[in-house]
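Engineer: Hints given; two lone chains; assemble the complex.
What follows is each chain in one-letter form.
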Amino acid sequence: MFATDFPTPAARVRADRVHRSVYTDPDLFALEMRRIFGRAWVYVGHASQVPATGDWITTRLGDQPVLMVRKADGGIAVLHNRCPHKGAQLATAPCGHAERFLRCGYHGWTFGFDGALGAIPLRDGYDAVAIAADPDAFRVKPLARVATYRGFVFASQAADGPSLDEFLGGVRVSLDNFCDRAPSGEVEVAGGIQRVVQRNNWKVFFENLHDTMHPMTTHESSGLAARKLHRAMPDGTPKPFELRIVDGNIEPYPFWAALALKGFDHGHGWMEAIFNPPTDPTSLAHQAALEAVHGPERTREILSLNLHNTIVWPSGSPHTAFQQFRVIRPIAVDRTLVEIQTFRLKGAPDAVFERALRYTNVVNAPSSNVMADDLEMYARVQRGLDSDGGEWVLLARGIGRDAPFAGGVASTGNSEMPMRNQFAAWARYMGAGDAVGAA
Amino acid sequence: MNAPGPDSAVDAAALHFDVTRFVLHEARLLDERRFEEWLALFTDDGLYWVPLAHGQTDARTHASLFHEDALLRRLRVERLEQARVFSQQPPAHTVRVVGGVMLDRVADDGAEVEVRSTLHLVEAKGDAQRVFGAVVKHWLRHVDGDWRIVVKRVDLVNCDAAHEGLELFF
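So the sequence lines, in the order shown, correspond to chains A and B. Using the numbering used here, the first residue of the first sequence is number 1, and each one after it goes up by one. Using the numbering used here, the first residue of the second sequence is number 440, and each one after it goes up by one.
Here chain B stands alone, though its shape is the one from the complex (with noise of 0.2 Å):
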């Protein structure tokens, strides 16, 4: 398909719908752990980046809770497909709501657009049971008829708090 471009109201319905069906089935992908297709969505140069500060505007000189491009991406998911995987002895199970999702910018042609969406992720692992909160910032671009994620941002509301181990991608 041709990007949708933002010229009328039912372009930009059209363009909405889009990229909340991208960012729905985005989250369904980690959901299942289905980590090989969820490499996939991101360009050669994304990155997955969860900040350390609130209003975090820099990772290269500020430390994050992670800040991944492909090769630490894929060294996560990697380890995750180890046989011994220690601390995933049962493994953790998420599910994620997904909602509020904006459309915050659109590139005059089209072809890139940032979405802002709210995530909540409960995370069972054995007996034990986390939540996290999350503003979600994904900026997209349209390459051979689909999107893909140039950055993914999640700002969780209790980024700056003391964690426990985070192995999964939010």
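Just chain A, with the same shape it has in the complex (with noise of 0.2 Å):
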């Protein structure tokens, strides 16, 4: 069967399975581009990527690249990396900052923060057109919508659609959550940013975010490995924090069943660990941090909301736990990029911080002995998915016992609803036809 020989590209999903098109076709790829990428609300950075007027960073947007700056107003514009006149890029670096204005280094036009055209070298040449009548044509283009979340900068390329609020439903109560860890309600990106390059379709790694069955059989080399370095540390011993992030991988089975999953409308979700309340130092220094700005009820009202990893679909993965967004990048139907941005809680004590960044560093870094093996993994779907060996991939387990709630579906921890629930999202985009275009 060929992907040609599908009616529409939403008749690839059926309940309890996909179509390996969905991951392998680069046609499909460029249509989820305009259909996904250019209508749903996308993570393009945080608000303290860019804390100064003038402060700038590059990024993608699907395919689209991008440019976060700061304007003078204390407001926040995504603009398209592009310059009206030629079409050249405004900004190759990751991040920087513009004194007065952004300046296109081909021509030298400049323009303002909100992509406004600036000045022209020699404009009289320009004298015979009309450029006020043609704004367009001689300004930076905006993205159509731009909103914030508690500081989560998202923007979206379809002037119609739900507002940011009502895109992010429920899943908004994670994003809370990751502020609210902070004493000051507030947190900022910082200590650098890590970029890892996969070798598949972006989606095998969203549907890996919940997928709790492949844990102990991937991460079987790290999580033994860890587990043998602890054996042979001196009884009592406490599981040092690196340990203790590599090993969990290779909890059995029963351990991941308990753990609740819930997907949201548009294909977000997260995993709901149990609490049970911490008693290492560094957790203990915060919790006295917290409670001195809430008291404790509040305190452990924010501590028990204990969850895994979020997905906020097709963005990326916050864990609010220990303040990391993974956020993802599509490059090509079979090429994806993440990059993975470490918080700062306002007002924490340094070393929750400190531990964050061990975090990154043991568990997404490049170098991570746990996500080799994941790497390996998707890579070998992405090839085994470009064969003609099978034409479905299933998606069934826990099918039928998912629990429906409004706004939302729960299920156990070992279902694959989460790649139902994103598969849903992927299907009703993908069947809504195009909306870039229509702004």
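Take these hints with a grain of salt, some might be off.
[To be verified] Stretch by stretch, here's where chain B covers chain A in the computed footprint (C-beta under 8 Å, at least three residues):
| # | segment |
| --- | --- |
| 1 | 107-113 |
| 2 | 236-247 |
[What the hints assert, rightly or not] Simulated pairs of lysine to any residue, SDA-like, Cα-Cα distance not exceeding 25 Å:
| # | chain 1 | residue 1 | chain 2 | residue 2 |
| --- | --- | --- | --- | --- |
| 3 | A | K239 | B | R512 |
| 4 | A | K239 | B | R513 |
| 5 | B | K576 | A | R358 |
| 6 | B | K564 | A | R335 |
| 7 | A | K239 | B | F474 |
| 8 | A | K346 | B | R499 |
| 9 | A | K228 | B | G485 |
| 10 | A | K239 | B | G485 |
| 11 | A | K239 | B | D484 |
| 12 | A | K239 | B | D508 |
| 13 | A | K239 | A | T217 |
| 14 | A | K228 | B | L468 |
| 15 | A | K71 | A | C83 |
| 16 | A | K228 | B | E517 |
| 17 | A | K239 | B | L468 |
| 18 | A | K228 | B | R523 |
[To be verified] Computed footprint of chain A on chain B, listed as stretches where at least three residues anywhere in the stretch have a Cβ under 8 Å from a Cβ of chain A:
| # | segment |
| --- | --- |
| 19 | 459-467 |
| 20 | 485-493 |
| 21 | 496-506 |
| 22 | 509-518 |
| 23 | 524-536 |
In short, the hints are calculated from the structure, not lab data. Even for Gly, the Cβ is constructed at its ideal location relative to N, Cα and C.
Structural biologist: Given below as structure tokens:
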């Protein structure tokens, strides 16, 4: 069966399986860039990455290179990284600062931080051109919509659609908890951004984020190595943080089955872990800093929402407990870039941020002993799906046992519900036609 | 042997030869996957560090590609020796060219040195091959008759690039 045999893109998704072409067809990938990344609210970056007027970062929304810029009025603009004149990219570094305006390096046109035209050298050459009547030809094009949720900046290429609040729906609770863990209620990106290239379709990684049937198999090598090191320590030695976050992956199946999975509308979700009040010095210092602001009751409420990977689809995966955001940027049908942002909880002890960085280094850096085997399996999946050895990929585990609630669906920890939920969103976007250009 | 002092040209040449031998030996142990011997080269508080940013001065408040004490170095080696290391099927092979060995600092008593070298590393895995370039700084201390690594810092020329998995020590 060829991909073209389907009457519509969404027909590749069935209740319990998806057609392999959703991972391998370059034409479908191009369509995803328009229908999913061209419509959805996509995470651009965090407001703390552009603290001062004129600060900017470069990144990608789907296949669109963009700039996020702090404007003079304190707001944030998200602009296509393209000069309206000849099309040259305005910035190429990951981040920087512009003193008064954005300036194209090719012919020296300048633009305000909202993209509006500033100066053109020898502007009288355009005397016969009605610039004012054709502003779109003379400005850096902004994304259709920009909105911020507690410092997390999202943009949409579509002028219409749900508001950011409506789009995020139930998953806002996770972003709230991410920030509420800061005694000040605010977080900031700090300590550099790790970037990892995966040789797989972006959806393979999204599915993995809530795939609890893989860790004890895929991560056997790092898990057993960490266990061995702890066993070799004197009796009663508490398991060091660096080993705990590695060998936790090879907990047996019942451990994972007991975790609660939630899927929300638009493909979002999270994994809820059981809350055991922590006893290590860093967690206790964090707790004390929160109690100093909120008192014990509210502090316990904040800390007892114990989430493992959250999914904000199709942007990436925040991790509230260890202050990470793995931002997922599709590059090609078989290539995905992951930007790992680490956050400082403002007002929390330094040790909390240092722990977050250790988590980044040990679990999410390119050198991660854990991720190495994930990357290998994703690449194997991609190569396998490119073959004619089968047409469909099953997402059937736990089907028939999902428990719907208003705005989402719940399941046990070892269900493939999250994958079904993500592909339900995929099918809705892909079946809904193009929005880009309608703006 | 005693720690060679920097008091004369002859001593300086001997010291240079000695640390060069050490740095080349260290590279060879990694290429030959003699990880146990390699781990033993470090002092107890030794650090293996591959910064994420050019000119990075701090690893406590900034992420690193690798920032590994004895425990984390041992973890990496133990993993590579497990039966189901899927990402090493087939295993990667490396070969290094170490050049430009220079003594950047010699302590007054000659028992501590900082050595700068350049590294060209080719890694092959199956049909795929990668090339890495780096400036390497060894901070060495003379302990019980031989050099030990206090800090090995590897500054990749593309440290700030987007990387695929980096599993082996540089």
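Engineer: Each of the hints needs a verdict: does it hold here or not?
Structural biologist: Hints, verified against the model:
no.	hint	in the structure
1	107-113	violated (count 0)
2	236-247	holds (count 4)
3	K239(A) to R512(B)	16 Å, holds
4	K239(A) to R513(B)	15 Å, holds
5	K576(B) to R358(A)	23 Å, holds
6	K564(B) to R335(A)	19 Å, holds
7	K239(A) to F474(B)	24 Å, holds
8	K346(A) to R499(B)	17 Å, holds
9	K228(A) to G485(B)	21 Å, holds
10	K239(A) to G485(B)	21 Å, holds
11	K239(A) to D484(B)	19 Å, holds
12	K239(A) to D508(B)	16 Å, holds
13	K239(A) to T217(A)	22 Å, holds
14	K228(A) to L468(B)	24 Å, holds
15	K71(A) to C83(A)	18 Å, holds
16	K228(A) to E517(B)	8 Å, holds
17	K239(A) to L468(B)	30 Å, violated
18	K228(A) to R523(B)	15 Å, holds
19	459-467	violated (count 0)
20	485-493	holds (count 3)
21	496-506	holds (count 8)
22	509-518	holds (count 7)
23	524-536	holds (count 4)
Going down the numbered hints, you'll see the structure goes against 1, 17 and 19, while the others check out.
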